[in-house]
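Visitor: Residue numbers (the UniProt record's numbering), protein chains in the order written: chain P, 1 to 237; chain R, 1 to 237; chain C, 1 to 237; chain X, 1 to 237.
Think of the hints as simulated: they come from the structure by calculation, not from any bench. Treat each hint with caution, since some may be false.
What the hints assert, rightly or not - Some chain R residues close to chain P (C-beta under 8 Å, calculated; not the full set): (1) G25; (2) G78; (3) S80; (4) F85; (5) I166; (6) E195.
Unchecked claim - Heads up, simulated EDC-like pairs for lysine to aspartate or glutamate below, C-alpha to C-alpha not over 20 Å straight-line: (7) P/K113 x X/E26; (8) X/K60 x C/E26; (9) X/K90 x C/D30; (10) C/K221 x C/E76; (11) R/K8 x R/D202; (12) C/K90 x X/D161; (13) R/K113 x C/D79; (14) R/K113 x P/E61; (15) C/K215 x C/E170; (16) P/K221 x P/E41; (17) X/K173 x X/D161; (18) C/K113 x X/E26; (19) P/K215 x R/E26; (20) C/K113 x R/D79; (21) R/K60 x P/E61; (22) C/K8 x C/E40; (23) R/K113 x R/E61; (24) P/K212 x R/E76; (25) P/K90 x R/D202; (26) R/K60 x P/E26; (27) C/K60 x C/D79; (28) R/K113 x C/D110; (29) C/K11 x C/E170; (30) X/K212 x C/D79; (31) X/K212 x C/E40; (32) P/K212 x R/E61; (33) R/K232 x R/E214; (34) R/K212 x P/E76; (35) P/K119 x P/E87; (36) X/K215 x C/D79; (37) R/K90 x P/E41; (38) X/K60 x C/E61; (39) R/K8 x R/D144; (40) C/K60 x X/D110.
In this text, a Cβ means the ideal position worked out from N, Cα and C, and glycines have one as well.
4 protein chains.
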Amino acid sequence: MAVRLVNKKIKAPFFVVNPKSFLFGESLMDLARHADQLAEEYPIDILFTAPLTELAIVAKECQNLIVTAQHMDNIECGDSMGRVFAESLKHIGVQAVVLNHADNPMSCSDLSKAIQRAKDVGLLTIVCADSGQEGQALAVLGPDIVLAEPTELIGSHQISDRNYVISTIEKIKKINPCVLVEQGAGIRSAQDVAELLRLGADGVGVTSGIVKAEKPIEMMKEMIEVVAIYGKKGSIL
Amino acid sequence: MAVRLVNKKIKAPFFVVNPKSFLFGESLMDLARHADQLAEEYPIDILFTAPLTELAIVAKECQNLIVTAQHMDNIECGDSMGRVFAESLKHIGVQAVVLNHADNPMSCSDLSKAIQRAKDVGLLTIVCADSGQEGQALAVLGPDIVLAEPTELIGSHQISDRNYVISTIEKIKKINPCVLVEQGAGIRSAQDVAELLRLGADGVGVTSGIVKAEKPIEMMKEMIEVVAIYGKKGSIL
Amino acid sequence: MAVRLVNKKIKAPFFVVNPKSFLFGESLMDLARHADQLAEEYPIDILFTAPLTELAIVAKECQNLIVTAQHMDNIECGDSMGRVFAESLKHIGVQAVVLNHADNPMSCSDLSKAIQRAKDVGLLTIVCADSGQEGQALAVLGPDIVLAEPTELIGSHQISDRNYVISTIEKIKKINPCVLVEQGAGIRSAQDVAELLRLGADGVGVTSGIVKAEKPIEMMKEMIEVVAIYGKKGSIL
Amino acid sequence: MAVRLVNKKIKAPFFVVNPKSFLFGESLMDLARHADQLAEEYPIDILFTAPLTELAIVAKECQNLIVTAQHMDNIECGDSMGRVFAESLKHIGVQAVVLNHADNPMSCSDLSKAIQRAKDVGLLTIVCADSGQEGQALAVLGPDIVLAEPTELIGSHQISDRNYVISTIEKIKKINPCVLVEQGAGIRSAQDVAELLRLGADGVGVTSGIVKAEKPIEMMKEMIEVVAIYGKKGSIL
């Protein structure tokens with residue numbers, strides 16, 4: 001069994017399985033267990049997100065995944081009701097959080113404080129940006145990963161165009177070279193994953209491309225294999 | 001072990017232990033286990049809320065409590081990220097949800113739909129109102145319980161005044177006699193609990209009165225005993 | 001020149017010209033001036049909404065319209081920035097406010113208080129509901145008008161179906177017979193307006209049907225004439 | 001009468017009179033007229049904010065002020081109701097907008113797009129930041145002015161401490177030297193204004209310090225005079 005590191009750093013190339021709210025219960029666990037096996041098999045970081053309510057179950061069963069919350073609020077433990085706080089996430093075994101997704105937009109002030117709260121308890125942060133310029137602004141706040149995907153492409157069948165991908169990565173790294181850049185949106189095949197890595201993405205995140213695939217588990221496997229090969233060979237992919 | 005009923009109705013008098021986000025991890029589970037024991041011992045309904053992220057753990061260990069989510073969104077299973085949906089709550093063993101708390105205000109339209117979603121999967125609903133008139137409006141939407149507490153008293157050291165309590169209950173029942181009325185806010189002792197039941201509350205919910213008590217578990221026990229006695233003897237308490 | 005009444009009650013049948021944010025500047029004023037003339041000519045109440053920023057100009061020029069704000073916040077005059085408060089609206093000559101539109105959803109608590117604030121300074125209130133049941137809930141709060149239109153029909157080419165219209169009006173009046181019921185959504189012609197009045201609507205509100213008509217001013221005129229005729233003859237229309 | 005320039009750039013040192021929602025109607029216009037006179041008298045830029053509903057009136061009467069909206073939404077002219085859009089602001093004579101104030105927090109994505117919309121129609125932008133780091137992030141988005149005031153000091157009786165002011169300005173200019181830095185929060189006298197300019201602020205904005213002063217107009221005059229003197233003499237103040 002892989003040892004779960006505290007406050008580990010993500011290393012490129014990484015892969016994010018993000019089933020959003022498409023899956024829950026047994027179908028979620030089935031995907032999670034297969035992802036966990038792949039994370040044991042391949043020497044790459046695999047992040048796996050789950051609905052807030054099922055994170056504890058995923059974290060308990062899957063020792064090799066970087067279990068990731070789909071949202072966290074800028075609140076501390078205390079007089080607040082029904083919101084998500086860092087200490088509880090850490091306690092149940094979560095290792096990373098997605099912040100500022102289009103479904104849970106945060107003000108820049110809340111986002112800045114939430115990143116700090118996450119760091120304080122040892123959670124990695126992935127923040128979502130809608131454009132290269134927004135990605136630059138968010139990179140200033142010092143998250144681990146910036147996910148740069150135009151909102152209008154989420155759920156679409158088309159990956160961001162080459163120029164967008166290249167210029168976005170360049171812009172973000174210029175502001176903060178420590179930040180990893182994830183690309184998502186519109187990925188439908190292992191070829192799309194490879195293409196984004198070739199263009200310079202540090203990691204790739206997929207939702208529809210997996211959950212709406214004819215054979216989700218096999219699709220996930222193919223995509224992760226591409227990342228693993230790329231991780232080994234680097235840019236000659 | 002008590003059998004967990006599907007779609008059971010809450011019966012008065014009931015008690016709600018609502019630790020909000022004051023507790024998590026072991027201190028939360030400690031309170032939950034003691035509440036669970038009391039729920040086995042006494043023939044009254046005890047609802048226990050927990051942070052979204054720890055509901056699965058509470059539900060797994062505590063068979064006698066009505067495990068209650070502190071919030072649920074008006075979304076369905078699908079393309080949504082980091083929000084709380086009925087199917088997942090039901091799957092992990094949650095039996096009730098609090099909706100429209102001051103920390104998670106909902107539009108009337110979302111609230112109306114969320115109540116329906118909860119009913120569809122078999123979750124009980126507790127909706128929060130800020131005044132008697134708002135309580136009446138929300139009673140129209142057909143929740144199981146209306147929690148009528150003025151926002152300005154939340155966390156205070158003073159229970160709502162007698163007239164407010166009596167008139168609120170009367171107003172809400174006039175609109176929808178099937179709705180149970182919970183009172184909360186400012187409860188600091190078993191005497192406060194008894195007073196609210198005497199004034200006609202169907203149930204009582206407590207946060208600060210327990211988590212900030214010198215001995216939280218004993219305070220909770222005293223409060224629940226009062227409810228149990230009241231349940232047996234009725235208004236002669 | 002018609003005298004502008006303070007705290008007047010709307011009387012049925014009424015008509016609402018709601019250009020939303022489709023018009024501003026001269027094209028807005030052009031529509032407003034024509035509506036104002038029609039309001040002088042016909043003995044019916046014509047409400048005219050405008051963007052918050054241009055209400056003062058419309059109110060200054062149009063003495064016969066019931067100038068209506070498209071939103072108001074639940075705040076009082078004081079330490080708040082960039083939000084809309086009742087006293088300022090009243091000062092600039094506004095006579096009514098729309099609350100809880102799908103573009104500015106309010107919690108039930110805020111809505112209840114905002115209705116009260118509006119009453120306190122003498123503004124009429126139109127609250128938006130998404131369904132018959134929500135309309136009932138909002139009728140409890142005592143607004144002057146409930147606008148009952150399913151969000152999914154806003155901007156569409158189809159009016160709400162007969163049964164929805166009839167049952168919605170019935171439900172709302174049952175809870176609060178003093179409330180007027182407005183119907184909107186999908187109205188494209190004077191015939192649609194007549195149909196809704198025949199089905200029992202107290203008033204009709206139109207956006208796309210006017211601003212997207214080939215000849216907006218003529219379309220508005222036709223619609224208002226139908227309302228005026230209906231007001232005279234009643235149900236024999 | 002001063003000619004109103006289109007797309008003018010603000011020059012340091014500038015002053016912002018920000019009555020928020022403390023004033024409306026005649027008391028607002030009285031302050032505005034005096035501010036307008038000072039703007040004619042002194043060769044410095046004076047921005048004056050007003051409630052959304054009274055901007056048109058202020059802009060019509062006050063030719064020398066840079067009339068400033070307290071908020072603007074990221075929407076375009078069209079199918080939206082009760083929200084604030086750039087074209088209408090421009091049409092009524094507004095020249096600048098405050099974005100992301102604590103009372104109207106915006107997601108980074110909305111903020112980035114709203115700044116662009118403002119630029120497209122020729123409105124200056126002032127964006128609010130809660131900390132030096134957030135100020136840096138927002139400076140990336142290219143606003144004209146960043147207002148850097150810790151939310152906890154808004155309305156207090158104490159200006160931000162020297163180190164905070166100096167380091168905030170330095171941080172923001174490092175990211176984007178074209179951005180002007182405004183300081184606010186806790187300013188109670190002309191001395192406070194002078195102190196902030198000496199510490200390097202490009203401009204100063206005041207709410208409570210004016211509206212809660214014994215003699216608001218005289219206080220405003222004193223503060224503006226200090227800015228004018230500073231503008232003439234520079235750092236020897």
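Visitor: Next, verify each hint and record whether it holds.
Guide: Each hint tested on the structure:
no.: 1; hint: G25; in the structure: holds (4 Å)
no.: 2; hint: G78; in the structure: holds (6 Å)
no.: 3; hint: S80; in the structure: holds (5 Å)
no.: 4; hint: F85; in the structure: holds (6 Å)
no.: 5; hint: I166; in the structure: violated (26 Å)
no.: 6; hint: E195; in the structure: violated (23 Å)
no.: 7; hint: P/K113 x X/E26; in the structure: violated (41 Å)
no.: 8; hint: X/K60 x C/E26; in the structure: holds (16 Å)
no.: 9; hint: X/K90 x C/D30; in the structure: holds (18 Å)
no.: 10; hint: C/K221 x C/E76; in the structure: violated (38 Å)
no.: 11; hint: R/K8 x R/D202; in the structure: holds (16 Å)
no.: 12; hint: C/K90 x X/D161; in the structure: violated (41 Å)
no.: 13; hint: R/K113 x C/D79; in the structure: violated (34 Å)
no.: 14; hint: R/K113 x P/E61; in the structure: violated (34 Å)
no.: 15; hint: C/K215 x C/E170; in the structure: violated (35 Å)
no.: 16; hint: P/K221 x P/E41; in the structure: holds (11 Å)
no.: 17; hint: X/K173 x X/D161; in the structure: holds (19 Å)
no.: 18; hint: C/K113 x X/E26; in the structure: violated (26 Å)
no.: 19; hint: P/K215 x R/E26; in the structure: violated (40 Å)
no.: 20; hint: C/K113 x R/D79; in the structure: violated (34 Å)
no.: 21; hint: R/K60 x P/E61; in the structure: holds (15 Å)
no.: 22; hint: C/K8 x C/E40; in the structure: holds (16 Å)
no.: 23; hint: R/K113 x R/E61; in the structure: violated (31 Å)
no.: 24; hint: P/K212 x R/E76; in the structure: holds (17 Å)
no.: 25; hint: P/K90 x R/D202; in the structure: violated (37 Å)
no.: 26; hint: R/K60 x P/E26; in the structure: holds (16 Å)
no.: 27; hint: C/K60 x C/D79; in the structure: violated (28 Å)
no.: 28; hint: R/K113 x C/D110; in the structure: holds (19 Å)
no.: 29; hint: C/K11 x C/E170; in the structure: holds (18 Å)
no.: 30; hint: X/K212 x C/D79; in the structure: holds (11 Å)
no.: 31; hint: X/K212 x C/E40; in the structure: violated (45 Å)
no.: 32; hint: P/K212 x R/E61; in the structure: violated (35 Å)
no.: 33; hint: R/K232 x R/E214; in the structure: violated (28 Å)
no.: 34; hint: R/K212 x P/E76; in the structure: holds (17 Å)
no.: 35; hint: P/K119 x P/E87; in the structure: holds (11 Å)
no.: 36; hint: X/K215 x C/D79; in the structure: holds (18 Å)
no.: 37; hint: R/K90 x P/E41; in the structure: violated (33 Å)
no.: 38; hint: X/K60 x C/E61; in the structure: holds (15 Å)
no.: 39; hint: R/K8 x R/D144; in the structure: holds (11 Å)
no.: 40; hint: C/K60 x X/D110; in the structure: violated (33 Å)
Violation of the numbered hints given earlier is confined to hints 5, 6, 7, 10, 12, 13, 14, 15, 18, 19, 20, 23, 25, 27, 31, 32, 33, 37, 40; the remaining hints are satisfied by the structure.
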